[in-house]
Amino acid sequence: MISDYLAEFFGNKILGYLISAALPLFLWILPYALYAVYAERKVSAFMQDRIGPNRVGPKGLLQTIADILKLIQKEDIVPASADKPLFVTAPYVIFAGTFAAFAALPFSSVYIGSNIDLGVFYIMAVSSFSVIGILMAGWAGNNKYSLYGAMRSVAQIVSYEVPALLAIVTAVMVIGTLNLNEISQMQTSRFWNWWILGGPVEGIQKFLYIIPMIIAFIIFFIASLAEVNRTPFDIPEAESELVAGFHTEYTGMKFAMFFLAEYGNMFVVSAISVSIFFGGWQSPFGYLGNSLGINWLIPIEQVFWFLFKGSLLVLVQMWLRWTLPRLRVDQLMSLCWKYLTPYAFINLVIVGIITLIK
Amino acid sequence: MAELKTDQIVLNMGPQHPSTHGVLRLEVVLDGEVVVDVKPHIGYLHRCFEKHAEAMTYPQVIPYTDRMDYLASMYMNFGYVEAVERLMNIEVPERVKYIRVIMGELQRIASHLVAVGTFGIDIGAFTPFLYCFRDRERILDLFEMTCGARLLYNYMWIGGLSHDLPPQFIPKLKSFLKDFRKSLKELNDLLSYNKIFIDRTANIGVLPADTAINYGCTGPVLRGSGVNWDLRKNDPYSIYDRFDFEVCVGKGEMGTVGDCWDRYMVRVREMEQSCRIIEQAIEQIPDGDVTSAIPKRVKPPVGEIYFRVESPKGELGYHIVSDGSLNPFRVKVRAPSFVNLQILPIISRGHLVADIIANLGSLDIVLGEIDR
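Quick mapping for you: the protein sequence lines, in order, are chains A and B.
With the numbering used here, the residue at position 132 of the first sequence is 195, and numbering never jumps.
With the numbering used here, the residue at position 92 of the second sequence is 141, and numbering never jumps.
If you're looking for bench data, these hints aren't it; they were derived computationally from the structure.
Please read all numbers here as calculations on a predicted model, not as lab measurements.
Among the hints, erroneous ones may be present.
Here are the simulated DSS-like pairs of lysine-lysine, each with C-alpha atoms no more than 25 Å apart in a straight line [said to hold, decoys possible]:
hint	chain 1	residue 1	chain 2	residue 2
1	A	133	A	122
2	A	207	B	227
3	B	221	B	234
4	B	381	B	100
5	B	348	B	146
6	B	221	B	146
7	B	282	B	146
8	A	401	B	221
9	A	207	B	100
For each label pair, taking beta carbons as the anchor points, the in silico distance ranges come out as [to be verified]:
hint	chain 1	residue 1	chain 2	residue 2	range
10	B	234	A	128	35 to 43 Å
11	A	419	B	86	38 to 46 Å
12	A	114	B	290	57 to 65 Å
13	B	234	A	181	38 to 46 Å
14	B	252	A	128	20 to 28 Å
15	A	120	B	212	52 to 60 Å
16	A	248	B	230	39 to 47 Å
17	B	244	A	221	56 to 64 Å
18	B	374	A	119	54 to 62 Å
19	B	235	A	415	44 to 52 Å
20	A	221	B	260	54 to 62 Å
21	A	114	B	352	51 to 59 Å
22	A	112	B	257	36 to 44 Å
Beta carbons are placed, not taken as given, at the ideal position from N, Cα and C, and that holds for glycine.
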């Protein structure tokens, strides 16, 4: 994997690992977050009959960079009544959860931070790490709005992990591995081998899998929307009720960290969907590198497909955000426990029965 | 098991809060997420309108009325000038009456667009708000064509109007009405019949008809509770008796009569009816001079008058006392938002925090009018 290449290149194992750990941050998360914010503003502007940012740089492309520069210059305010150590560490805890998840994402067959066998499990575990950060931020600000936002957020994320994991388990039961790279590898070269279309399975089972897999994907997608606090589940940040939810008291770069984590999370959950259901880094219709006989082109194409599919799902999240109103907190819970979780269970059982067909 | 002892929390919403629709402060007592009590604190926007009016001549009061309900300035003018005209027994030209009705109904559409749009934001839907503002912008353009102002018009004068309609006004108005019907359909598709929106607003903040009447609620808030009461029909002023339109009332289609959805839908349907009134007015409007009846000196005889109109927010009443001088002795305003706001605690108790915001949005208050 990439860390071994780098270790060989620098002749030092630790240096190689450190650099490979920092790579996704500088190569992908930061530029992606910058342009996801820009895209979100442009998408919303397009949907709302506005123009959107168009002043800084050509077509406003440098707008977010200017915003970040502004945020860096802001005074770093810690409220007098805040719990200082918690208040200061909370944004980094949240960001660490997001960042850690990137380690196991297979960007291509050769670029994956850490090719661990428990990839899916690991990502779900570390991304729920942010719950702690949210609770810390909400409590430390010593603000009632923050506290309400944090409480709602924790209840929401913990609840929605259940259907999300059940949906993933449904898929994993068929796939037979938790290693995201292997999952991607299986769904070779053509889109009908993607797991959402039954995967690379032979015979009648492939067709039987299609509907449960689509249901599993939809459940996972809805639950992941709730996990990253996006509309219609943006209740923790419900601006009309709770000002800004758990990050009400934050300013400057600390606020930017929450922002970065939010957009990072959006990509992580999309990347999980892509890896499991949409073929990961596999191209939907063969590689240009194969037909031209240029081997080094293939990984680059793979990275492109992975990012392209991931960004497409992020775009869907934005589209939903600017279309739908927000649920109320009790409706959110009943949606999770009364609908998503039972359906995910039934789906799991159905898929279990199908796997038994010989 | 002994009952778990819990504390109530007092949450202070406002005066700087994104969804209090101005500088309103709500003192909310919460038990977890459940609302135990709401206390509205008003007065942050008090500008002594009534006292100021005593030091002004009658025409000088008009710009102050603009600033009361700043989302419906035309209607604020409308009520005041009609009241003074009745006090002075001035008969205004027919053309003036028609233009006033057109302006008033356009203003009603503009005001309801803001109400409906901001209600969408309160529920969490941001996009319909901008669609509403896009249409409101076109109404403001129309107003700008007549008097140059986009928010505070000072357009209706005692006995007439500041300017006649420019020649391109009517064609532009017609094209606006044509497009606006489409926008209303779009609004219904995107917001009114959205499943999440209905879940959030149906059966929330139910205001029974008798409570609404007892508290003196008027306008869409009263009609949302199913009471057929519209001053344009029940106590016609100006020339409203010449037009054919329906009074929209809440029917409890999605939940109980008098819930947030009903109040919201009454506004949406009223916009449609306002379009009908404007269309009829355009057909009938005569030619004439809009400034011919403006008196040189506004000096009403000794006496007093209470005159009420159906403003977009409800019954707007002006009680003007004249002592025969150039200045009014007293101008008392019955502001509809002020009366409608007091119902908020009644309809919010027992609901969740998010519902306070929905209830407040469905009441459609304007603080400029409440505090005056």
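Structure-based check of all given hints:
no. : hint                          : result
1   : 133(A) <-> 122(A)             : holds, 19 Å
2   : 207(A) <-> 227(B)             : violated, 48 Å
3   : 221(B) <-> 234(B)             : holds, 20 Å
4   : 381(B) <-> 100(B)             : holds, 9 Å
5   : 348(B) <-> 146(B)             : holds, 22 Å
6   : 221(B) <-> 146(B)             : holds, 20 Å
7   : 282(B) <-> 146(B)             : holds, 17 Å
8   : 401(A) <-> 221(B)             : violated, 52 Å
9   : 207(A) <-> 100(B)             : violated, 39 Å
10  : 234(B) <-> 128(A): 35 to 43 Å : holds, 41 Å
11  : 419(A) <-> 86(B): 38 to 46 Å  : violated, 58 Å
12  : 114(A) <-> 290(B): 57 to 65 Å : violated, 46 Å
13  : 234(B) <-> 181(A): 38 to 46 Å : violated, 52 Å
14  : 252(B) <-> 128(A): 20 to 28 Å : violated, 47 Å
15  : 120(A) <-> 212(B): 52 to 60 Å : violated, 44 Å
16  : 248(A) <-> 230(B): 39 to 47 Å : violated, 56 Å
17  : 244(B) <-> 221(A): 56 to 64 Å : violated, 25 Å
18  : 374(B) <-> 119(A): 54 to 62 Å : holds, 59 Å
19  : 235(B) <-> 415(A): 44 to 52 Å : holds, 45 Å
20  : 221(A) <-> 260(B): 54 to 62 Å : violated, 40 Å
21  : 114(A) <-> 352(B): 51 to 59 Å : holds, 55 Å
22  : 112(A) <-> 257(B): 36 to 44 Å : holds, 39 Å
Hint compliance for this structure: hints 2, 8, 9, 11, 12, 13, 14, 15, 16, 17, 20 are broken, all remaining hints hold.
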